[in-house]
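Input sequences plus hints: build the corresponding full structure.
Heads up: the protein sequence lines correspond to chains B and Z, in order. Residue numbering for the first sequence is 1 to 197, as defined by the working numbering. Residue numbering for the second sequence is 1001 to 1197, as defined by the working numbering.
A hint or two may mislead.
Stated by the list, open to error - In silico BS3-like pairs for lysine-lysine, Cα to Cα no more than 27 Å straight-line:
1. B/LYS129 / B/LYS103
2. Z/LYS1129 / B/LYS25
3. Z/LYS1140 / B/LYS170
4. B/LYS129 / Z/LYS1103
5. B/LYS129 / Z/LYS1170
6. Z/LYS1096 / B/LYS170
7. Z/LYS1025 / B/LYS129
8. B/LYS25 / Z/LYS1096
9. B/LYS96 / Z/LYS1025
10. Z/LYS1140 / Z/LYS1025
11. Z/LYS1170 / Z/LYS1103
12. B/LYS129 / B/LYS170
13. Z/LYS1096 / Z/LYS1140
Unchecked claim - If you want the footprint, here are the derived chain B segments under chain Z, 3+ residues with CB under 8 Å:
14. 97-107
15. 169-175
Think of the hints as simulated: they come from the structure by calculation, not from any bench. From the three backbone atoms N, C-alpha and C, an ideal C-beta is built for every residue, glycine too.
Number of protein chains: 2
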Amino acid sequence: MQTKSNQHNPEHWQVVAEREVFTYKPWMRISMQDITLPDGRLVENFGRIQLPDYISVFAQTADGHVIVERQYKHGVGFVSMNLPAGMIEPGEDPIKAAQRELKEETGYVSDQWTSLGSFVGNGNYGCGKGYFFLAQNAVKVTDPDSGDLEDMEILLFTVEELLEALSSQKIATIGAVASISLGCMALIGIINPSSED
Amino acid sequence: MQTKSNQHNPEHWQVVAEREVFTYKPWMRISMQDITLPDGRLVENFGRIQLPDYISVFAQTADGHVIVERQYKHGVGFVSMNLPAGMIEPGEDPIKAAQRELKEETGYVSDQWTSLGSFVGNGNYGCGKGYFFLAQNAVKVTDPDSGDLEDMEILLFTVEELLEALSSQKIATIGAVASISLGCMALIGIINPSSED
Chain B
1 MQTKSNQHNP EHWQVVAERE VFTYKPWMRI SMQDITLPDG RLVENFGRIQ LPDYISVFAQ
61 TADGHVIVER QYKHGVGFVS MNLPAGMIEP GEDPIKAAQR ELKEETGYVS DQWTSLGSFV
121 GNGNYGCGKG YFFLAQNAVK VTDPDSGDLE DMEILLFTVE ELLEALSSQK IATIGAVASI
181 SLGCMALIGI INPSSED
Chain Z
1001 MQTKSNQHNP EHWQVVAERE VFTYKPWMRI SMQDITLPDG RLVENFGRIQ LPDYISVFAQ
1061 TADGHVIVER QYKHGVGFVS MNLPAGMIEP GEDPIKAAQR ELKEETGYVS DQWTSLGSFV
1121 GNGNYGCGKG YFFLAQNAVK VTDPDSGDLE DMEILLFTVE ELLEALSSQK IATIGAVASI
1181 SLGCMALIGI INPSSED
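Okay, structure coming up:
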């Protein structure tokens, strides 16, 4: 099943004008686009939200636990479970960002990395791209020093506990659901990430 | 493992000021907040992105296939796989929106609905909430009539084909990855959605 089309696909929308309406560098750029649909109709003011690309790491320790962060996230409004994650620095390779953030946020390093894919945050507006990774055989080499605004608690979960958290809807963000689901399915062997990305 | 805290949790950030910087009703409201962290530090201009809440439906037909839409999404920039999804109308119950959108976009109805959870689009900024549902025993009763800007092709996938699409990173958005993963895991029996939501 082919899903990626090239830039000349007839179904592609054409941007005929774009107006920046708000920018707060380097975090956010909002613009409005006027677009021509494939059938010729003009759509005015279709929003575009540019946010920084980021990485998320599903890291399994050498003894089989998964590293989870429990922290308040302001977009959620309460304390919830997340995976180690962070912005990609300008010019930084996503895998390098993943290795850097895992070590900064948790103190763990890994020598066994697999891409779980890269995904757009919002199909309509964009909202940045997340690069998801599986890190295995992770070992703790230092103390965490994330520099993040949020205090966080580092927890170790079994895959069974993560699946229970998904079942009981205890995970608050779409990104955490996606990355935890992919990681669990990869470890169980239901998916086999091909690392083509 | 308790993850939801109440509104008085000491880790909760306090919003001390908010400035609306861009609004395009009913689609988008962007504001900047000044926030006091639990340790007393002031953070100025933390972004908040309000987008409409929406539903996404993982619908399995009576003969065991999953209904997938193949369409161009402008936030992605190419043709990709999605599940039936759409905005929740003002005052509309999420399950009613899910039933309405499934019928409008695909022509299918179902008498067997399970909540897979509701999830915030972006842990930092918000970006709307998605309500994900599993619909089983779906039957086609009419032709699709979505009214969406995008042309779409309706395809029927087996669970195995969806897992292969996840493995080979053919799914383009975090929302589609999350909802397809939850649906597949529920059908396989790896998670057991409790429908507490």
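Which numbered hints fail = 3, 4, 8, 9, 10 and 14
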